[in-house]
Amino acid sequence: MSKAKRRTHHGDAREMSRRKLLQLGLLSTAATPLLRAARATAQTGGAQPSASKATGELKNPVEFKAPKVKASGPTTISFWQYVGFHVDVQKFIAEEYKKRHDPNLSLEITAFPGLNEQRVGVKSALAAQSPTPDIIAIEPGAYAVDVSASGSVIDFTKVFAEDPEYKRGFWPNAIELLTINGAVVSVPAVTNTVIVYYNRGVFQQHGLEVPNTLDELKKIGAALNAKGIMPIAYPAGQDRNFPIFPYYTYLGGIKADKLMREADLGLKPWTSPELVAGAEFVEMMAKSGLYAKGPLGIKEPDAIQIFATGKSAMFWGGQWMRRSIRAALPPNFDLGIFPFPAVVAGGHKPVLSSVGITLTVNARSKHPDLAFEMIKAITGAWGKIEYTRNLGLSPNGPISADAIAYQMQSLKDPLYPEFLKLQPTGTTRVIFTPAVEEAVTQGMQALITGSKTPKAVMESVEAASQKVGARKFRTG
Amino acid sequence: MLSLAARRSWRRHAAGYAFAGPALVILAAFLVYPIGYSVWLSFHEWDGYTPRWGPFVGLENYRALAGDEVFWKATLNSIVFVAVRTPLEVGLGFLLALLLNRRLVARSLLRTLFFVPVVMSLIVVTIIFQRVFEPNTGLLNTFLRAVGLGAFTHPWLGDPATALPAVIAVSVWKNVGFSLVILLAGLQGLPQDVVEAARVDGANAWQLTLRVITPLMRPILALTALLSIIGGLKVFDLVFIMTRGGPTYSTEVLATMLYREAFELNHMGIASAVAVILVALVLSIARVQTLVLDKSPEGGKA
Numbered sequence: 121m122s123k124a125k126r127r128t129h130h131g132d133a134r135e136m137s138r139r140k141l142l143q144l145g146l147l148s149t150a151a152t153p154l155l156r157a158a159r160a161t162a163q164t165g166g167a168q169p170s171a172s173k174a175t176g177e178l179k180n181p182v183e184f185k186a187p188k189v190k191a192s193g194p195t196t197i198s199f200w201q202y203v204g205f206h207v208d209v210q211k212f213i214a215e216e217y218k219k220r221h222d223p224n225l226s227l228e229i230t231a232f233p234g235l236n237e238q239r240v241g242v243k244s245a246l247a248a249q250s251p252t253p254d255i256i257a258i259e260p261g262a263y264a265v266d267v268s269a270s271g272s273v274i275d276f277t278k279v280f281a282e283d284p285e286y287k288r289g290f291w292p293n294a295i296e297l298l299t300i301n302g303a304v305v306s307v308p309a310v311t312n313t314v315i316v317y318y319n320r321g322v323f324q325q326h327g328l329e330v331p332n333t334l335d336e337l338k339k340i341g342a343a344l345n346a347k348g349i350m351p352i353a354y355p356a357g358q359d360r361n362f363p364i365f366p367y368y369t370y371l372g373g374i375k376a377d378k379l380m381r382e383a384d385l386g387l388k389p390w391t392s393p394e395l396v397a398g399a400e401f402v403e404m405m406a407k408s409g410l411y412a413k414g415p416l417g418i419k420e421p422d423a424i425q426i427f428a429t430g431k432s433a434m435f436w437g438g439q440w441m442r443r444s445i446r447a448a449l450p451p452n453f454d455l456g457i458f459p460f461p462a463v464v465a466g467g468h469k470p471v472l473s474s475v476g477i478t479l480t481v482n483a484r485s486k487h488p489d490l491a492f493e494m495i496k497a498i499t500g501a502w503g504k505i506e507y508t509r510n511l512g513l514s515p516n517g518p519i520s521a522d523a524i525a526y527q528m529q530s531l532k533d534p535l536y537p538e539f540l541k542l543q544p545t546g547t548t549r550v551i552f553t554p555a556v557e558e559a560v561t562q563g564m565q566a567l568i569t570g571s572k573t574p575k576a577v578m579e580s581v582e583a584a585s586q587k588v589g590a591r592k593f594r595t596g
Numbered sequence: 412m413l414s415l416a417a418r419r420s421w422r423r424h425a426a427g428y429a430f431a432g433p434a435l436v437i438l439a440a441f442l443v444y445p446i447g448y449s450v451w452l453s454f455h456e457w458d459g460y461t462p463r464w465g466p467f468v469g470l471e472n473y474r475a476l477a478g479d480e481v482f483w484k485a486t487l488n489s490i491v492f493v494a495v496r497t498p499l500e501v502g503l504g505f506l507l508a509l510l511l512n513r514r515l516v517a518r519s520l521l522r523t524l525f526f527v528p529v530v531m532s533l534i535v536v537t538i539i540f541q542r543v544f545e546p547n548t549g550l551l552n553t554f555l556r557a558v559g560l561g562a563f564t565h566p567w568l569g570d571p572a573t574a575l576p577a578v579i580a581v582s583v584w585k586n587v588g589f590s591l592v593i594l595l596a597g598l599q600g601l602p603q604d605v606v607e608a609a610r611v612d613g614a615n616a617w618q619l620t621l622r623v624i625t626p627l628m629r630p631i632l633a634l635t636a637l638l639s640i641i642g643g644l645k646v647f648d649l650v651f652i653m654t655r656g657g658p659t660y661s662t663e664v665l666a667t668m669l670y671r672e673a674f675e676l677n678h679m680g681i682a683s684a685v686a687v688i689l690v691a692l693v694l695s696i697a698r699v700q701t702l703v704l705d706k707s708p709e710g711g712k713a
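Line order of the protein sequences matches chains V and S.
Position in the first sequence (from 1) plus 120 gives the number in the numbering used here.
Position in the second sequence (from 1) plus 411 gives the number in the numbering used here.
Hints are computed from structural coordinates only; laboratory data are not their basis.
For each residue, glycine too, the CB sits at the ideal point set by N, CA and C.
The reader is advised that the hints may include incorrect statements.
What the hints assert, rightly or not - From the structure, some residues in chain V lie toward chain S, with a derived Cβ separation under 10 Å:
1. 236
2. 242
3. 244
4. 246
5. 247
6. 251
7. 252
8. 262
9. 266
10. 357
11. 419
12. 426
13. 432
14. 558
15. 562
Said to hold, decoys possible - Cross-link-like lysine-lysine pairs, in silico, DSS-like; alpha carbons within 27 Å at most:
16. S:484 / V:575
17. V:575 / V:378
18. V:219 / V:173
19. V:219 / V:190
20. V:587 / S:585
21. S:484 / V:572
22. V:419 / S:585
23. V:431 / V:338
24. V:431 / V:486
25. V:188 / V:278
26. V:419 / S:484
27. V:179 / V:211
28. V:388 / V:339
29. V:190 / V:486
30. S:645 / V:419
31. V:188 / V:486
32. V:592 / V:278
33. V:413 / V:347
Construct the complete structure from the given sequences, taking the supplied hints into account.
Written out as structure tokens, the structure reads:
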């Protein structure tokens with residue numbers, strides 16, 4: 121094809137996509153009242169039930185729905201993701217889908233070693249207008265904005281409009297988080313929380329109770345330090361997200377998430393008193409003696425080792441680490457979890473929540489409908505029960521008591537129901553503007569090392585935010 | 412119609428062009444074109460997601476870099492990395508080469524041991540050293556506590572003051588074996604008659620090393636240093652895996668900045684400008700080194 125012809129072809133594609141976007145925009149406007157109603161439901165509840173008392177050999181109580189579209193001949197759709205430990209369950213669901221509904225359709229999964237590597241690969245593929253991969257795993261926040269703003273992925277609005285039940289299967293705040301410029305960019309496979317794991321044995325041995333307030337946590341820290349036990353293993357050196365956890369936690373604790381989101385979008389200053397108070401909290405935590413020495417020099421495996429060997433009594437981490445923690449623990453280790461205590465007097469306990477891996481469809485995929493069907497299989501009502509049963513992660517959206525009983529039959533981990541109870545209190549931990557996220561990460565590192573004051577940190581974040589200028593996207 | 416002389420000349424050179432052609436094509440496709448592409452991209456804005464670049468911005472990306480304190484910090488860190496690593500790597504490599512050039516017990520075993528880190532996977536090395544430097548249960552702090560030096564324990568990679576030295580130390584440990592091998596080969600290739608003549612003239616070991624061997628080894632030392640400098644300026648993987656340039660940019664080098672700008676901040680134009688500066692820096696140093704070598708009495712004869 122000549123260069124001129126190629127240009128025309130691309131031009132047409134852009135025109136098409138603009139028209140399509142307009143249509144989808146109208147659809148999404150029409151769907152807004154529905155979204156509001158769903159959001160209201162989420163705000164008033166949504167807790168998962170306790171497992172039912174069902175006994176015997178249980179089965180997934182939800183029907184694995186047949187797809188609306190099937191492959192006309194042998195077809196393989198490609199899927200690029202970045203969480204290796206999810207591969208088995210994704211394969212399992214894809215094989216069940218093939219067996220029960222569409223024998224012509226296969227899923228080829230490429231698991232990159234990490235998010236960075238996958239993002240580089242995806243970026244190159246999208247820039248080259250490659251139809252591969254058909255399905256892309258993306259993270260909420262800046263990654264979702266990037267693929268959405270560049271028109272590289274297909275909006276879920278149409279899928280949701282055709283299947284409202286599928287949409288109702290997700291927590292509305294998760295969908296809100298993945299809505300960029302009015303388009304639902306991707307859908308979540310799971311929900312993850314950040315909580316405090318603790319060594320029940322050590323707590324009992326020293327007469328310590330699970331803390332409800334920050335002061336109680338500090339007292340526990342002092343008591344443990346006096347006994348030569350490090351209070352909290354906190355792997356702040358793991359990646360660029362970990363140093364921000366305390367900050368998100370504080371803002372969640374004072375219900376300033378919305379303010380942070382507005383600041384992220386350049387609508388409010390990062391130097392607002394609440395946001396500076398968050399930075400002061402990070403500094404206070406770093407100086408409190410609560411962390412094992414040098415948190416920025418600690419990575420996840422180190423922190424797990426410190427905790428598993430009893431050198432620290434608590435571990436601040438995510439639900440996704442439950443398996444690796446369990447694997448490292450000696451057999452008699454009594455593992456517990458608790459939400460981070462209230463950060464202000466009379467405040468609620470903040471549980472950071474995130475949707476983790478989310479799935480979307482490449483706008484240049486040759487089989488977009490089949491890709492959507494595969495995503496629906498993985499994240500739909502039946503799929504999410506299987507997905508979370510296999511991984512011990514919380515489903516994104518409500519599941520029944522019978523479903524939990526079915527999951528517990530193989531999971532057997534008493535922490536799983538505890539995680540399920542924590543979901544509705546969650547607050548999100550996402551920053552959408554890359555330059556702002558970078559400034560916050562660096563700022564939090566500076567607070568942990570004591571090289572900057574909270575005010576100076578927030579001023580530098582604000583400077584980074586102003587440098588970005590008006591955002592070309594809106595969220596929710 | 413070509414003249415007879417021209418035809419003869421063409422025939423004479425045709426084989427040369429034929430042999431060099433494929434290599435030149437590959438060089439042009441995989442070296443010249445990407446460099447040119449990168450230079451041209453550095454004058455544009457682009458987020459890396461769309462097939463088409465953004466607008467032409469002239470020198471704006473370079474201007475942005477000049478006003479970015481992280482860029483200057485990364486440049487300084489790159490220079491410090493090279494300035495500390497290269498003398499240590501080449502110096503230690505030379506000392507070890509001199510030692511292993513003598514008749515020692517278990518000389519072969521020692522050579523192999525010193526070379527092992529070079530062939531080890533960098534990922535493995537960095538993971539091992541992350542564990543070594545871990546502040547609470549890491550090998551280094553545990554050792555310090557065990558020998559009564561608990562006061563010196565430190566969060567090596569978690570403190571901006573010690574993170575870069577720690578990364579440099581790992582780099583030296585990993586690469587000193589490479590310098591050792593090159594320098595040892597050089598030592599073994601030295602003209603023995605000159606060394607013997609110096610010995611006969613009564614030169615002691617110190618004089619022999621300083622006045623005879625070192626000058627003779629100068630081209631090889633320069634080559635080893637050049638390779639180390641270029642490797643040091645390009646360092647990415649070691650820093651990225653160990654610290655990701657942190658904490659607070661204390662280990663940020665030009666290559667990690669390039670990656671961050673390109674793939675985390677979506678500033679492909681700025682990232683290309685960093686790449687161009689990095690290439691210019693490497694080429695300039697290589698050129699200076701070549702000039703120095705050419706001016707030396709043994710220049711270019713290594």
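Take the C-alpha atoms of residue 484 of chain S and residue 575 of chain V, compute the straight-line distance between them, and say whether it is at most 27 Å. holds, 22 Å
When you check the alpha-carbon spacing of residue 431 of chain V and residue 486 of chain V, does it fall within 27 Å? violated, 53 Å
Does the alpha-carbon distance linking residue 587 of chain V and residue 585 of chain S stay inside the 27 Å limit? violated, 40 Å
Restraint status (C-alpha distance of residue 419 of chain V to residue 484 of chain S at most 27 Å): holds, 25 Å
Would the hint linking residue 219 of chain V and residue 173 of chain V be met if the CA-CA limit is 27 Å? Violated: residue 219 of chain V and residue 173 of chain V sit about 31 Å apart, past 27 Å.
Given pair status - residue 190 of chain V, residue 219 of chain V, alpha carbons within 27 Å: Holds, at about 13 Å.
Would the pair residue 388 of chain V and residue 339 of chain V pass a check requiring their Cα atoms to be no farther apart than 27 Å? violated, 36 Å
Chain S contact restraint on residue 246 of chain V - CB to CB distance below 10 Å: holds, 5 Å
Given residue 562 of chain V as an interface hint, is its Cβ closer than 10 Å to any Cβ of chain S? holds, 6 Å
Using Cβ atoms only, decide whether residue 244 of chain V comes closer than 10 Å to chain S, and label the hint accordingly. Constraint on residue 244 of chain V satisfied, holds at 8 Å.
Close enough to count: is the Cβ of residue 251 of chain V nearer than 10 Å to one in chain S? Violated, because the Cβ-Cβ distance from residue 251 of chain V to chain S comes to roughly 13 Å (cut-off 10 Å).
Satisfaction of hint between residue 419 of chain V and residue 645 of chain S, Cα-Cα up to 27 Å: holds, 25 Å
Of the hints listed earlier, those the structure fails to meet are numbers 6, 7, 18, 20, 24 and 28, in rising order.
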